[in-house]
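So the protein lines, in turn, are chains S and Z.
When the letters of the first sequence are read in order and numbered with my numbering, they come out as residues 2 to 916.
When the letters of the second sequence are read in order and numbered with my numbering, they come out as residues 81 to 194.
It is possible that part of the hints are untrue.
Once the Cα atoms are required to be at most 25 Å apart in a straight line, the calculated DSS-like pairs of lysine-lysine come out as [claimed, not checked]:
| # | chain 1 | residue 1 | chain 2 | residue 2 |
| --- | --- | --- | --- | --- |
| 1 | S | K145 | S | K316 |
| 2 | S | K13 | Z | K175 |
| 3 | Z | K167 | Z | K155 |
| 4 | Z | K167 | S | K65 |
| 5 | Z | K99 | Z | K157 |
| 6 | S | K120 | S | K785 |
| 7 | Z | K155 | S | K65 |
| 8 | Z | K155 | S | K13 |
| 9 | S | K681 | S | K692 |
| 10 | S | K145 | S | K162 |
| 11 | S | K785 | S | K875 |
| 12 | S | K13 | S | K145 |
Covered stretches of chain Z, as calculated for chain S (at least 3 residues, CB under 8 Å) [what the hints assert, rightly or not]:
| # | segment |
| --- | --- |
| 13 | 97-110 |
| 14 | 122-133 |
| 15 | 179-186 |
To be clear, the hints were calculated from the coordinates, so they are not data collected in a lab.
Please read all numbers here as calculations on a predicted model, not as lab measurements.
Yeah, the Cβ is synthetic: ideal placement off N, Cα and C, and Gly gets one too.
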Amino acid sequence: MSLASRVRTWWKAVTRSEQLNGEIEDELAFHIESYANDLMRSGLPHDEAFRRARIELGGVTAQKENMRAAWGTRAWDELRGDLRYAMRMLAKSPGFAAIAIGSLALGIGANTVIFTVTKAILLDKLAVSHPDELRLFAMTQGGKGVVHGMWGYFDNTPSGKTLSTSFSYPVYQLLRQQNRVFQDVFGFKDYGRMTATIDNKAEVVTSEMVSGNYYRVLGVHPALGRVITDSDDAAVGSGPVMLISDGFWARRFGRTPDVIGKKIEINGTPMTIIGVNPPDFTGAYGAQSSPDIFLPFSMQPIAAPKFKSSLLTDKDLWWVMIMGRMKPGISTETARAAVDLDLNAAVRATMIVGKDDEVPRLDLEDGSRGQNAAAGDFAKPIYVLMSLAGFVLMLACANLANLLLARASSRQREMSVRLALGAGRARILRQMFTESLLLSIAGGAAGLLLGYLGRNAIPHLLSSSWEPTVMSSKFDWMIFGFTAAISIFTGLLFGLAPAWQATRTQVSSGLKDNAQTATQRRHNFAGKTLVVIQVVLSMLLLVGAGLFVRTLMNLNHEHLGFDPNNILLFELNPPGTQYSPAKSTQLYHQLEEKFSAIPGVDSVTPIEIPLISGNVSNTGVILPGEQQSSKKSRNTAFMDLVGEHFFDTFSIPVIAGRGFRPTDTETSRMVAVISQEMAKQFFPDTNPIGKTFKASEQSTDSIEIVGISKDAKYYTLRKDPSPTYYMPYRQNADGEESMTFAVHTRMKPEAIVPVLRDAVASIDKNLPLLDIRTQNEQIEDRTKQERIFASLTGGFGLLALVLACIGIYGIMAYTVSRRTNEIGIRMALGAQSGRVLRMVLREASWLAAIGVVVGLGAAAAMARLIDSMLYGLKPYDPLTLGGAALLLFFVALAASWIPARRAASVDPIKALRHE
Amino acid sequence: MAPKQNDLLQGTLDIMVLKAVSLGPLHGYGVLLRIQQISGNRLEIQQGSLYPALYRLEHEGSIDSEWGQSENNRKAKYYRLTAAGRKRLRTETEKWHDMADAIGAILSATPEEV
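Generate coordinates for the entire structure from the input sequences, incorporating the hints supplied.
This is the structure we're talking about:
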């Protein structure tokens, strides 16, 4: 019993079947000849001897088959036979094959694309050694929390506390010194954009700041050069070095190894490239995309000053992210408790903690995917898309099951013959499943191709047109495995019904010619159930499409309160190394004037936070003689810093008082224009013009209200305008690190941008224009998720209609062809053709009606789950539900019209003669 | 369909083939002749089941085959016992003797012994 000989012989039988065949023939021929010779010697004549030799051996063909089978090839041979047969069957009906493979390809392709995105966002881990050992430090604090200054990711917990993953640098240092429970603790920060000057050309790069032990603890080795080490991060300025990402290396340096040792300027500070990251490594923040450059914290005060001169000594601003690598044998809870004590001590050592103040509590989160902020934003939409794509696939399966069922019935005679000839039912089941698996694998291959081609479609849709793609979807084995699994699963799913029917075939009844009429009712039950299921699924997909398309339409027709047309936006980000707050304000003012003078520019305004960007600035509003904790429902308002011509540029009417004037400068009295909503809520009974307020209780500056403007949407389309006030940017003493400019012009962006760029270069040639886009593009960007949903679900809905149409047509055509005899008898007995037509249509409408009613219930339940993603309509939107129901109903009727006509035109003589 | 008598042979055919081949390499027809000769023509092998049995034994690794010249200078496939086959022949032979003893004991039993 040796495995080797089994494998060797099986392999030979399978791969060299011709040679084996020849050998068997030779061997048997030798046998026959030897035996015949012996027989002749005993006196038989030549021909008789050979005849007897052949007879005693048994048929040569049967012998050959048995000998091959002795080498264990039975299963293989049968599979090959089934496959060949299945392919022949498919080739005989190419239309059926095309519909089957096409609809499967769409279903599987859609699922593959969506799984690709799901995997990238929800499943991909950091490309570091043992990412599961990493824990991300997080802290939560309530309303009385001691931490006020935060820069980074934060979220509200269900209990109303604030959760953040940022810490101050001094706290980070203390936590690392005190660490006993982790192998080591490191810090990092996605620092955002910096200006890199490479060979005298300025461009914008994204950056991550890392601690000296970052690479060592993560276990990441450079593709080229060396990594940042502790000595680079020892003291301020000790490591003017950086690593670059593989992507940046390829994009900017064409993968030349000479890049090691190259000096480039970061925000004007000369720094040396010491290494290139491995291609998979994306930093510790997230697994989707990598920052361009990685530099040590020690360079922060020199190359990237922000807010204050050095963030490394700032005890109030919390901004550093911290990760630790678990020690084996220490539980997360033990570690958390230990670090929580350390955090408490560190906070008390670095900050003043009052009697009522709350020290934040430490949490440890799974760090294997980094911060993975995208997972929070996209998890729900992704689940919704996955479900809808799943429905599409189920619909395609139901459709195929239906088509196969109809075919199986017409093959009932064939099955009966096979059974009569001695085929086992298991053998016939296998044959049926081979056919459905062949179809599903062909569909899966086509779907994989679609998925491959479409792999970047969604990431592309998710990113802004003016920014590089947020993530790249890598096509890998996991996705291939997913598609393969889904193909086999669908094959089994839609192969089930026809296989079940095949086994129920009765030899005796199947062979009788008119068996059809006798068993017709029972047989159709499976098909009709499938049609109802198809209608229900189509209903779900149509309602989904309707809701998302209407959401997008509502958002597009939303009243903005400002005119977004002919406005070009771009951002300037003067490096803090060269521009003090006062100097940057001066720069903006200079540019404002320069831009206004350009021919073709109607008006220009700097604006701190561009409209409909998802960002917003919020301040307190303290009226004179009032405590912050007064009874009023609100004491905060949105605020935006703008230029003199803001209201003209955005066509927001000032309805009382005045707008801003050139005389509202750094040194003049602070003024504000408030929105109508703010006037209504804060000054319900009085004229606010001339009144004053303060932005906080501590503030000594009082702001005078000089005008009231109409309401305009600020940060999102989805919310009605909140109380908002506008102030001249020049009156903000802190200055702004970056400023967006809004230019109202009728010129095309391509024409005006070079002129604007020249204008900036005439003041500072190292200052690039960032994020150039129109205001309308900015708005579209904020509705991109709705856009993706509307287009994807719209596509799914259309597909659903087509599939439902095919399914209903198929089942009705099949029913009619089976009932030809019955209809012939009816007509012979005097039924009018109109009556027959109505009879068939009535049957179809019943099926559709049941499906639509069940579908309405399911759709209403589904819509409640996606309520938060809709805008301007209720989840049980009657227009969408009613529209989908009617549409589906009419499609069902239309699809059964042709079979109904055929039934109505049955010639009774012909139908009965057939009997 | 083969008659029932074949089932008894099926189990024993393998041993007989192994035994025949153990006495020296043989081609298929030679196996047939040798079994008939040793058994003194008391056993008639079904020719139809011989070759599948040979292939099965080769598949299981008990015998090996190679092409050679027959006595009358024809190309013929010769079968030879492998080491695994030799071991199998030994155990199967023991089993057969045990079985034959047992059946013999049963058949020769007299009423007194029961």
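Status of the hints after comparison with the structure:
1. Distance check on the hinted pair: K145 (chain S) and K316 (chain S) sit about 18 Å apart at the alpha-carbon level, within 25 Å; holds.
2. Only pairs whose Cα atoms come within 25 Å are accepted, and K13 (chain S) paired with K175 (chain Z) is rejected, the gap being roughly 33 Å.
3. Among the hinted pairs, K167 (chain Z) with K155 (chain Z) is inconsistent with the structure: their alpha-carbon atoms are about 30 Å apart, more than 25 Å.
4. For the given pair, K167 (chain Z) sits about 29 Å from K65 (chain S) by alpha-carbon distance, which is inconsistent with the 25 Å threshold.
5. For the proposed pair K99 (chain Z) and K157 (chain Z), the alpha carbon gap of about 18 Å is at most 25 Å, so the pair holds.
6. Between the alpha carbons of K120 (chain S) and K785 (chain S) the distance comes to roughly 20 Å, so the proposed pair stays at or under 25 Å and holds.
7. Pair hint K155 (chain Z) plus K65 (chain S) holds up; C-alpha atoms about 19 Å apart against a cutoff of 25 Å.
8. As the CA atoms of K155 (chain Z) and K13 (chain S) are separated by approximately 21 Å, the hinted pair is consistent with the 25 Å bound.
9. The hinted pair formed by K681 (chain S) and K692 (chain S) meets the criterion: a straight-line CA distance of about 14 Å does not exceed 25 Å.
10. Taken as a hint, the K145 (chain S) and K162 (chain S) pair is honoured in the structure, with Cα atoms around 10 Å apart against an allowance of 25 Å.
11. The straight-line distance between the Cα atoms of K785 (chain S) and K875 (chain S) is roughly 21 Å, inside the 25 Å bound, and the hint therefore holds.
12. A distance of roughly 79 Å separates the Cα atoms of K13 (chain S) and K145 (chain S); the hinted pair therefore is violated under the 25 Å criterion.
13. With a cut-off of 8 Å between beta carbons, the segment 97-110 of chain Z has 3 residues touching chain S; three or more are needed, and the interface restraint holds.
14. Residue count for the segment 122-133 of chain Z with a Cβ under 8 Å from a Cβ of chain S: 5. That meets the three needed, and the coverage hint holds.
15. Only residues whose beta carbon comes within less than 8 Å of a beta carbon in chain S count, and the segment 179-186 of chain Z has 0; fewer than three means the coverage is violated.
Figure legend: structure checked against the earlier numbered hints; hints not met, in rising order: 2, 3, 4, 12 and 15.
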